[in-house]
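Listed in order, the protein sequences are those of chains A and B. In this text, residue positions in the first sequence follow my numbering: the first is 1, and each later residue adds one. In this text, residue positions in the second sequence follow my numbering: the first is 1, and each later residue adds one.
These aren't lab readings, by the way, just hints derived from the structure by calculation.
Stretch by stretch, here's where chain A covers chain B in the computed footprint (C-beta under 8 Å, at least three residues):
#, region
1, 9-19
2, 361-372
3, 457-466
Pairs of lysine-lysine, DSS-like flavour, derived with a Cα cap of 30 Å:
#, chain 1, residue 1, chain 2, residue 2
4, B, 432, B, 276
5, A, 32, B, 465
6, B, 105, A, 56
7, B, 228, B, 213
8, B, 213, B, 53
9, B, 468, A, 32
10, B, 182, B, 53
11, B, 371, A, 56
No residue lacks a Cβ here, since even glycine has one placed at the ideal position from N, Cα and C.
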Amino acid sequence: MKNIEVKICSGTTCFVMGSSFLSELYEIIPQKYGDRVTVKPSLCLGQCSNSDKHSKAPYVKIDEEYISEATIEKVLNILDKKVCGNE
Amino acid sequence: MNNNSQSIFIKKDILIRLVEAFFSDDFISNTASIPFKMRPKNAEVPYRCCIYKEREIIKDRIIADLGFSVENLDESERLEDFAKKSLERDKKEETPLTVIDAACKGCVPSRVYVTDLCQGCVARACEKSCKFGAVTIEGGRSYIDGNKCKNCGMCIKSCPYNAIVRLIVPCEQACPVGAISKNSNGIAVIDFEKCITCGKCVAVCPFGAVNEKSQIIDVLQGIKTGKKVVAMFAPAIAGQFPGNIYQLKSAMLKAGFYDVFEVAQGADVTTRNEAKEFTERMKEGKPFMTTSCCAGYNNLIKKHLAEIKTFVSDTKTPLFYIAEIVRKIYPDAITVFISPCVAKRVEVAENENIDYVLNADELGAIFVGRKIEIMEMPEIEYQFNSSKQGRNYGSTGGVSSAVKSLVKDNDVNAVPVIIDGLNKDSVKQLKKYAVDNCCPEGNLIEVMCCEGGCIGGNSTIANQKTAKRIINNLLEKSEDIV
Ligand code: FES
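In isolation and in its complexed conformation, chain A is listed as follows (with noise of 0.2 Å):
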């Protein structure tokens, strides 16, 4: 099966917006998901410049899909989707 990979947004937007609450993803996926999904930070990505989207951060991108308003359940349950093959 195709590596899922995370990126957690740590441009100054997202992480003034709260993405060092979804830190602890960094442990729990590894924990739940092994190597079948990889999760690492990342520079802005480039969803928050538009005028009223710094209102959507944090972001997240799940492979090629970016997350608004990220939450940990919200990635988990993205994750759970994914990894299942329902999506």
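Put chain B with the ligand on the given structure of chain A with help from the hints.
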């Protein structure tokens, strides 16, 4: 402390829009349109009864961000007027906090309350548990007489159905000194005679009703009009942003600050003086000494804990020393302290070497509004190097271990005691030490108003774990104090 609630998110969202408006071609009308941009026509109404109330509260928050009190507003005054006034003022407001009464829910008064889960059981454990005769059974269920109830909570514990609960008012509960309470209309009011400006009510209110009065416009105005605006940031701020402090410095320079200093440098002066003072005091036979750098604690001493005054170190705060240094280097600059702390606003108001305070959220909003990517900035060195110990002042235990590391006298042994967060209990504890003239647990008491230290401050951005990790990276590369 919760610095990730939705109400705090909205506060930051507004600040960012305000910064954008400030640097736009029409600050005044773009500021006035923020409530409409955030809650446009036909938008869903996420929190309150109607879109008008939501906009009204956003307007009130903007007024606080522009630096004004929201209490006793003249309702005919428009946001445009406030924006204009914010550019014209050269004096700061006195009290640092303001309550938005439209946002204050007027929570039900705190008390012990019997819910519908009460089964009116035969055990009557609640009635028996009450030492004050406040619980009776009426109409087949238990009833609490508010005049007799002393809020002890015994009945809560006794109920086999968990049917009795304590209703709390979060701000009243969080305040360590009883300075905030509901008025006869049920709206929270701060008694500034008692308030130690710790900021716990700001962080804890689920409706975000308590706000800091921001000085962000004053600072930005200084930058925009080409004044020399020099920043100094608290040790805890190092953990509030991505990247390292050298990138943080260049990000701040890009935002328009003229120069940037670490308050950690002032912390090194505090450590040296305090270690010396501690050694002297112990040799004189004093039972204990407490640290003196926490602004919330200093306000507590002034207003509620005079007994402990003689035990408090006379050493000045890190901010005091660094501000003195900065003023000498830049006599004509506008100086800004970047802080994770609400209480420091009071300390700053009393120190003529510092002109303004920005908290972490506000600096963050400037970065976002100016589109500055900290992680992509080059690293720039500081004029002075600060020590590992000074850079660790923002974490609980950091101050006392710094002082201890410089107590080198063979006859004196520093045993730190950590008060990790002021609350009603720890205030009592401190009072007891003072009255007893004795601290059984040790002799060097470090007092931190916020749990976890300044990284748990009420104006922070990052969660504590992340802040700690970023600061630890820095400590690894820093030298010991000598
Ligand atoms: S900072 Fe996260 S998308 Fe730009």
